Amino acid sequence: MPIPTPHITAKAGDFAKTVLMPGDPLRAKFIAENYLENPVKVNGVRGMLGFTGTYNGKPVSVMGSGMGIPSIGIYSYELFNFYDVDNIIRIGSAGALDLNLNLGDIVLALGACTDSSYAKQYKLPGYYAPIASYELLKKAQAAADMMDINMTAGNVLTTDIFYHDESSALKYWVKMGVLAVEMEAAGLYMNAARAGKNALAMCTVSDIIFTDQAMSAKDREKSLTTMIDVALSMLLMD
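The numbering used here runs 2 ahead of the 1-based position in the sequence shown.
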């Protein structure tokens, strides 16, 4: 497909090799304006804002992904396959399933279980296990260690359903050690694998499933800032 695409108006070379992807395009704008040097807007189609700049001299882009696999599936596919992006780091929020997690904890998604049928398109003779890039995972852990930030690595659940008709459905994943639930990682990991590229999802715990614990808007902003610091520090690991 030629570029620009129907979803991204950027020209060839407008995106850096590494793209940070929060779900909210306004958070992408916040990151660009508060963290990047000389940010330039490279996309605004359908309000899905994207910017490219530098962080401590390292080129980096940031763009929203929207909510759910269908949305991140489109944007990550086009970035990997049409814009020559090599690395996508999802920086989002998740609901904790493991009661050992606390509000504000950061979860690294080693793997992403899913109730989505996204993998059916590949016509595989079995079930595919979407996993993170080990290269990005190592950098994330190294950056967190350097900054004295604790993170928990393990399986997450990527679900297509936010308002589930069966209220107890998420409880079944707990017995398999799944740490948290979110809505994008599995699709991102599958697109990365198919394109031969790298992807990592890191999520800040914004609420504890099965309880009434949830971050306030102010706490959410502060905690997500910690995760942004880790993601950007990964750029300095090269």
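Just so you know, these hints were derived from the structure itself, not from any lab. Errors might be hidden in some of the hints.
Unchecked claim - Listed below are the simulated EDC-like cross-link pairs for lysine to aspartate or glutamate, each with C-alpha atoms no more than 20 Å apart in a straight line:
{"no.": "1", "residue 1": "K19", "residue 2": "D88"}
{"no.": "2", "residue 1": "K173", "residue 2": "D117"}
{"no.": "3", "residue 1": "K140", "residue 2": "D214"}
{"no.": "4", "residue 1": "K140", "residue 2": "D240"}
To be verified - Derived CB-CB ranges, DEER-like:
{"no.": "5", "residue 1": "T213", "residue 2": "V42", "range": "41 to 49 Å"}
{"no.": "6", "residue 1": "A171", "residue 2": "E137", "range": "14 to 22 Å"}
{"no.": "7", "residue 1": "M69", "residue 2": "N104", "range": "20 to 28 Å"}
All figures in this text were calculated on a predicted structure; none of them were measured in a lab. Cβ coordinates follow ideal geometry from the N, Cα and C atoms, glycine included.
These are the hints, each one checked on the structure:
1. For a cut-off of 20 Å, the pair hint linking K19 to D88 stands: about 5 Å separates their Cα positions.
2. Restraint check for K173 and D117: the C-alpha separation of about 14 Å stays at or below 20 Å, so the hint holds.
3. About 34 Å separates the Cα atoms of K140 and D214, which puts this hinted pair outside 20 Å; it is violated.
4. In summary, the hint linking K140 to D240 is supported, as the alpha carbons are separated by about 12 Å, within the 20 Å threshold.
5. Between T213 and V42 the beta carbon distance is about 43 Å. The supplied range of 41 to 49 Å therefore holds.
6. With their beta carbons about 34 Å apart, A171 and E137 fall outside the hinted range of 14 to 22 Å.
7. Hint check: M69 to N104, Cβ distance near 24 Å, so the stated range 20 to 28 Å holds.
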